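**Student:** This is what each chain is made of:
There are 2 protein chains.
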Amino acid sequence: MIRGKDGTIIPRVVIERLPRYYRYFDWLDGKVEKISSKKLGEYMGASASQVRLDLSYFGDFGQQGYGYNIKKLKQELANILNINSETSFIIVGAGNIGRAMTRYKAFANTGFMLKGIFDINPDLRGQKLGNVEIRHTDEMVQFIKDNHIDIAILAIPKDEANEVTKTLVDAGIKGILNFAPLDLDVTNHITIENIHIIDKMLALSFMIHRA
Amino acid sequence: MIRGKDGTIIPRVVIERLPRYYRYFDWLDGKVEKISSKKLGEYMGASASQVRLDLSYFGDFGQQGYGYNIKKLKQELANILNINSETSFIIVGAGNIGRAMTRYKAFANTGFMLKGIFDINPDLRGQKLGNVEIRHTDEMVQFIKDNHIDIAILAIPKDEANEVTKTLVDAGIKGILNFAPLDLDVTNHITIENIHIIDKMLALSFMIHRA
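Residue numbers (numbering that gives the first Met the number 0), protein chains in the order written: chain Y, 0 to 210; chain G, 0 to 210.
Warning: the hint list may mix true and false statements.
One copy or two, either will do: identical chains are not told apart, so a pair holds if it fits within one copy or between any two.
As the list claims (entries may be wrong) - Here are the simulated BS3-like cross-link-like pairs (lysine-lysine), alpha carbons at most 30 Å apart as the crow flies:
| hint | residue 1 | residue 2 |
| --- | --- | --- |
| 1 | Lys165 | Lys4 |
| 2 | Lys104 | Lys4 |
| 3 | Lys144 | Lys71 |
| 4 | Lys30 | Lys157 |
| 5 | Lys127 | Lys33 |
| 6 | Lys199 | Lys144 |
| 7 | Lys33 | Lys157 |
| 8 | Lys157 | Lys38 |
| 9 | Lys38 | Lys199 |
| 10 | Lys165 | Lys114 |
| 11 | Lys199 | Lys33 |
| 12 | Lys71 | Lys157 |
| 13 | Lys157 | Lys70 |
| 14 | Lys114 | Lys33 |
| 15 | Lys199 | Lys71 |
| 16 | Lys127 | Lys38 |
| 17 | Lys157 | Lys114 |
| 18 | Lys165 | Lys144 |
| 19 | Lys38 | Lys144 |
| 20 | Lys144 | Lys114 |
| 21 | Lys165 | Lys71 |
Note that these hints are calculated values from the structure, not bench results.
Predicted, not measured: the structure shown is a model, and the values here were computed from it.
Please construct the entire structure, taking both the sequences and the accompanying hints into account.
**Tutor:** Written out as structure tokens, the structure is:
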């Protein structure tokens, strides 16, 4: 349970919308000075009152009759989202997705620093992907402890995903971005965000076939 | 608006949950014969009544006092999700994500057939990624028309994303899986599913910092 400024629990969907707000403020910055909650709602596909409620969990940002100051709120959201501080992460799995993630430049722009990449295949050990070399998963637990890593991107087959998750949690990982096509065992008391590519494609396909 | 069996509008969140139901039934198939809505709800993180309501949009599947027959409902969901029929798609952008998607084996298992990959860089033209060669974006519109392509995976920088989307829609594309870090212009009357990797990482990071 994560609580906002006044102690109320922040709904997870609101937390998950926060990066989108940041993207809009980043996009608006330099274009306009301020924005109303109504106009911001139009961008977000939400009502003005929803926008005001969403942002109220994180602070008193708007001024009645003025709206939100773009530069100021962008800065506030950047602080709230830790964009200007460094957050280390590792990638588990040096397959197609894992490799694409090692080269994904947007991480560095938002404070995410790739510290290591691990794979179970011993033949890949020592291979360099950008500035980071592939290590064997045997070294993973010690590496996480030594480098105080909090976040892992999981890009491995689903049959191994729960066992590897348990290892990660035992080593001290607190959050996982999961690309494996399953819902990870949640008894581990860990924060998980999923990217289920096939689920998205199936939903998309269903909607266009039915539309 | 997509309507269910009895004419009621199916909420988008329900459609987006459907592939997850399918994954559970696929996983349960061979392990057990039937499942109650209560037990299914435990897997889904939902109540029994939510599960019954979700599935009721698509048909009369359960039997009171028996529950859901795994094999039968898996088959029904596969049909509803068009998993056993072929759905063609293209990839736009032969960068890191686009290339990872060309090699993503799970597409073929769920009926998605990659027909083409396009990039604006003329130096990449003719390069083979698996069985598919990279074509220049100049050839894209004709290719979509000739091959009756409905779905595109968009894996290009955000500054070009809206212009390319307009081209795709004009050529006949009906659905986009968008990896570009922006919300595409929705005035195009097209179905969009987003995979916003940085949004997910920022939400994850926020939650573990606040937990």
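**Student:** Against each hint, give a clear statement of whether it holds in the structure.
**Tutor:** For each hint, the structure was consulted:
1. Lys165 with Lys4: The answer is neither: 33 Å in one copy and 42 Å across copies each exceed 30 Å.
2. Lys104 with Lys4: neither (33 Å within a copy, 45 Å between copies)
3. Lys144 with Lys71: The answer is neither: 37 Å in one copy and 47 Å across copies each exceed 30 Å.
4. Lys30 with Lys157: For Lys30 and Lys157, the Cα distance is within 30 Å only across copies (17 Å; inside one copy 45 Å).
5. Lys127 with Lys33: neither (46 Å within a copy, 48 Å between copies)
6. Lys199 with Lys144: between (35 Å within a copy, 24 Å between copies)
7. Lys33 with Lys157: Between copies, since 23 Å is at most 30 Å while 46 Å is not.
8. Lys157 with Lys38: between (42 Å within a copy, 22 Å between copies)
9. Lys38 with Lys199: both (29 Å within a copy, 25 Å between copies)
10. Lys165 with Lys114: Result: close within a single copy only, 20 Å intra versus 39 Å inter.
11. Lys199 with Lys33: between (35 Å within a copy, 27 Å between copies)
12. Lys71 with Lys157: The answer is between: 24 Å across copies meets 30 Å, while 43 Å in one copy does not.
13. Lys157 with Lys70: between (43 Å within a copy, 21 Å between copies)
14. Lys114 with Lys33: The answer is neither: 38 Å in one copy and 45 Å across copies each exceed 30 Å.
15. Lys199 with Lys71: Between. Shortest inter-copy distance 23 Å satisfies the 30 Å Cα cut-off; intra-copy 35 Å does not.
16. Lys127 with Lys38: neither (47 Å within a copy, 46 Å between copies)
17. Lys157 with Lys114: both (24 Å within a copy, 26 Å between copies)
18. Lys165 with Lys144: Only inside one copy: Lys165 and Lys144 sit 15 Å apart there, 48 Å across copies, limit 30 Å.
19. Lys38 with Lys144: Answer is neither: 46 Å inside a copy and 37 Å across each miss the 30 Å cutoff.
20. Lys144 with Lys114: within (12 Å within a copy, 45 Å between copies)
21. Lys165 with Lys71: neither (41 Å within a copy, 33 Å between copies)
Going through the hint list in order, the structure does not satisfy hints 1, 2, 3, 5, 14, 16, 19, 21.
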